[in-house]
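Undergrad: Since the structure of chain A is already known, use the hints to place chain B on it.
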Amino acid sequence: MKQSIFEIRSNVKLTDTAYKMVLAGDTSAITASGQFVNIKLEGLFLRRPISICDYDDETFTIIYKVVGKGTEAMAEMTPGTKLDILTGLGNGYDLSLVGEKTVLMGGGIGVPPMYNLAKKLIAAGKKIQVILGFNTASEVFYEEEFKALGCSVTVTTVDGSYGVKGFITTPLEQMDYDYFCTCGPEPMLKAVYKATKTSGQMSFEERMGCGFGACMGCSCKTITGYKRICKEGPVMKKEEILWEN
Amino acid sequence: MGKLTVNLCGIELDNPVIPASGTFGYGYEFAELYDINELGTFSFKGTTKDPRFGNPTPRIAECYSGMINAVGLQNPGVEKVIAEELPRLKKCFHKPVMANVSGFSVEDYAYTCEKLDKEEQVGWIEVNVSCPNVHGGGMSFGTDPAAAAEVTRAVKAVTTKPVIIKLSPNVTDIVAIAKACEEAGADGISLINTMLGMRINLRTRKPVIANTMGGFSGPAIFPVAVRMVYQVANAVNIPVVGIGGVSTAEDVIEMMLAGATAVEVGAANLVNPYVCRDIVRQLPAAMEKYGIENLRDIIGGAR
Chain A
1 MKQSIFEIRS NVKLTDTAYK MVLAGDTSAI TASGQFVNIK LEGLFLRRPI SICDYDDETF
61 TIIYKVVGKG TEAMAEMTPG TKLDILTGLG NGYDLSLVGE KTVLMGGGIG VPPMYNLAKK
121 LIAAGKKIQV ILGFNTASEV FYEEEFKALG CSVTVTTVDG SYGVKGFITT PLEQMDYDYF
181 CTCGPEPMLK AVYKATKTSG QMSFEERMGC GFGACMGCSC KTITGYKRIC KEGPVMKKEE
241 ILWEN
Chain B
1 MGKLTVNLCG IELDNPVIPA SGTFGYGYEF AELYDINELG TFSFKGTTKD PRFGNPTPRI
61 AECYSGMINA VGLQNPGVEK VIAEELPRLK KCFHKPVMAN VSGFSVEDYA YTCEKLDKEE
121 QVGWIEVNVS CPNVHGGGMS FGTDPAAAAE VTRAVKAVTT KPVIIKLSPN VTDIVAIAKA
181 CEEAGADGIS LINTMLGMRI NLRTRKPVIA NTMGGFSGPA IFPVAVRMVY QVANAVNIPV
241 VGIGGVSTAE DVIEMMLAGA TAVEVGAANL VNPYVCRDIV RQLPAAMEKY GIENLRDIIG
301 GAR
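Line order of the protein sequences matches chains A and B.
For the first sequence, position 194 (counting from the first letter as 1) is numbered 194 according to this note's numbering, and the numbering increases by one without interruption.
For the second sequence, position 29 (counting from the first letter as 1) is numbered 29 according to this note's numbering, and the numbering increases by one without interruption.
Next up, chain B with everything else stripped away, as it sits in the complex:
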C-alpha cells in the first residue's frame, strides 16, 4: 500500500482524489490532456433513466470564488451511457469508476442503479438525492430523512456494489439525513452537493441564470463543506467522501482531517483541467510539510 492509498467501501484507491460528477464528463475530454489513471477514480456525469437535455441557457454564472450552475442533469440516459459512454471510458480509464445516478422518483433511482450495477467497471454507485421528487410535490429527496432513506433502501435492494448517498447541503439538519441513509443501508455518504444560489444582472435586472436559481460551488463553499463533513463523519460509522470547493492538496488534507476518507474535486476542474492530476502530484510534498506519513492515518484527525 502506498502512502496515498485509502480504502473506500472495500475498494482500494491509489489516492483519495476523485473528480466530482458533472465536472469531468465521462473522462475522455480529460484523457486527451493527461493519463487519468493517475486519479483515485472519478465520478461520471449524473445519469438518469431517460435522456435529458437539461435546463435552458444561460446555465452558468460567475461568483466571488465560485460559480453557479443550472445545467439540469443533461445526459443521454442510462441505456446510452452503458452502450456508448462506458465503452469509451473503458479505453482511457482502467480502474473502478464511480457511477453517479439521479432520479425523479424512487423507481427511477432503482431502475438506473440496477442497470449500472451490472457494469463491470462500476465500482461504486453514488446516488444524488438533491433532485426534486416529482411524486412528492417537487421537494428534493435529500431534504427529508424519510425520502432519502426510501431511495437508499430501494437502491440497495437491487444492487451489489457499494452505494454512496450524495447529500444536499440545503437542509436544516444534514446529520439527521446522513443517519437515516446509514440506517437504510448506505455504504457511504458523500457531501456536499452545491448550495442553492442566485445572481442578478444589474443591466437587465433579471436573474443571470435562465432557471433563476442554481447550484453554487467553488472555493467559497469550502468552509461550509468542511463543517458538514466534520458533523456527518462524527455521527455515522460508514465512510464519508468530502466534496465542496476543494482545489489544492492542502484542501484534501483538511477535508480528510474533518473526517473524509476520500475527496471529490468539482468546480476547480472547469478552471484548471489539470487540477486533479496536480493535486495528486502535490500531495506527497504537502504531507511531508505537515508531518503526515500515510494519508489514511489522518482521516477524522481533527476530532
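Bound conformation, chain A alone:
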C-alpha cells in the first residue's frame, strides 16, 4: 500500500452514469489486476474505494458509477485536480491459477477490473472470451476497448435492448472454457457461481471503513475462515466462497 498524490489527466462520461478517470502519479504499489484504490475526497470523511480498470508505470484508470455524494463530486472534477489516494489495495486476481481457455465476466460496474486482466492474460498467451453484462443498451461501455485487445466479446442486456437478451450466464452455456474470472454485483456472482462448472475467481464488493485491513468493516465468512474483503479479497477463489443467504 502507498499513500500519494495523483493528478487527474482526464475525466470523461462513458454513459449516463459511468465515468472514466485517468490519474497520473506513483503507481508502483499497484501489482495485480483486480486491486483497488481508496480516494480521499474533500468534505467526505471516509475514502471511496474503486477498482482499477487499467494501469501502467505512470497512470491508472478507474471507471466509476455515480451513486452517491462521493462519485457525484468525482464526476464534476476537471483535469489537473489533485487527489490523495491509497494505491495497491487488495489481493487482485491470481494469474497462476488461470486456465488456457478462460472466460472473463464483468457485470455493470464490475466490468472495469476485467479489462487489465484481459490485457495481462492475452500478453501471457492465454485464450480468453469476454462476457459483459448490463441492464440495458444505454449502460453498455467498453465493448470496443475489449475487442481492440483481440478478445471475443459477447454483450448481454437484461432487457434485450443490446446484444444477447438475458443475464451474463446466458451465453456461458454455449461456451467452451476451463476457468473463469468475474466481478459484479452479488446476485450476479451467485448466478455465476451456480452456472459455472469449473474453478474460478470472483471479486466481491462491500462497504469499507479503511480499505487496508485495520477496521474489520468489510469482513465475510469463507470456507477457510473469516476474511476481509479489502485485504484477503476482494478476489476470492470459487472453492472458498460461503454464501450465507
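Just so you know, the hints here were simulated from the structure itself, not pulled from any lab data.
Heads up, a few of these hints could be off.
In silico SDA-like links for lysine to any residue, alpha-carbon gap of 25 Å or less [to be verified]: (1) B:Lys91 / A:Gly213; (2) A:Lys221 / B:Pro76; (3) A:Lys237 / B:Thr57; (4) A:Lys40 / B:Asp278; (5) A:Lys165 / A:Asp16; (6) B:Lys289 / B:Glu38; (7) A:Lys238 / B:Gly54.
This one's a predicted model, so the numbers in the text were calculated from it and none came from an experiment.
TA: Quick look at chain B alone, frame taken from chain A:
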C-alpha cells in the same frame, strides 16, 4: 525525560499518542507503513473470551465529519490472540502495549483479563464496558455505575497490571460512572467510546448499517469528548485517557488541557494510516506555537 513524555499509571510513555482499539488491529498492518515504535503505545483490537465474527455487513456508514461502525467486536478470541497475534505484534512493537478487553458477563471480563495480564508485553488492560450484559437484560455495563464497578472489581481481583476502564458516552451522568470505577479500584479511566448513531439510505428507506445502529466517531464528536474528559478529570484522582475525534497535534493538546494524561486516536487512522506518526512528529512545533515546554505540565491546564 523528553518533553513529550507522560506517565500513564506508572508506565512512562515517550509521547501521549495512542491509536485506539479497533482502528489499529494488532499493529502489524501499520508496521508495514512506518515504525510504530514512534508511538507512545497502542490499544489493540478488542479481545473477548470466545472468537467472534461480529455483526453482519454493511458495518460502516459515512457521516458529516465522521463515521458509524457496527463491527461488533470481531476478534479471534483471547487464546488465539495470545498464541498468534501477540507473537506477531512483538516483532514490530517493542514497548508495553495496551490490551483492550470486552465481555458479555462479569466472568467473561475476568477470564480474558486474567489471561492477558500474564502476557509480558501487556502494559495496561483497557476494559471496554460498553458491551451489553447478557445476564443483565442486555443493558450495557457502562451505563450503570454498579455494573461498571462490578466489572472493575472482578478484573482488579485477577490482574496485576494497571486497569483502565473505557467508558461509554451514551449515559446521563458519566461522572457517576467514572467515580464508581475509581472507587472499585480502577487505575485509570479512558473516554469516550463511540456515540450511538444511525443513518438511513434514502433510496432503500432502510438503515445503512445492517445492525441498524452503530458507534459514531470522528472529528464530529471531539467537542463532546473534550467536555466529558474535562468533567471526569475534575472528578477523579486517577489518570484519564482522552478519546474521541482526535486527528491533529492541536487536538492532543486540547484533550490534555481538558485533563487527559494521554490521548487515543481512533477513526482518523482509517482515513490517514500515517496520522498517529504525523501527530507525534507535529507535536513539538504545536507545543512551541502555544508556549508549552513539557507536555506533561499542561494536563488539566484548562481547569
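Undergrad: Take the hints in turn and mark each one as holding or not.
TA: Consistency of the hints with the structure:
no.	hint	result
1	B:Lys91 / A:Gly213	holds (19 Å)
2	A:Lys221 / B:Pro76	holds (13 Å)
3	A:Lys237 / B:Thr57	holds (20 Å)
4	A:Lys40 / B:Asp278	holds (17 Å)
5	A:Lys165 / A:Asp16	holds (21 Å)
6	B:Lys289 / B:Glu38	holds (22 Å)
7	A:Lys238 / B:Gly54	holds (24 Å)
Consistency with the previously given hints is maintained throughout, with no hint failing.
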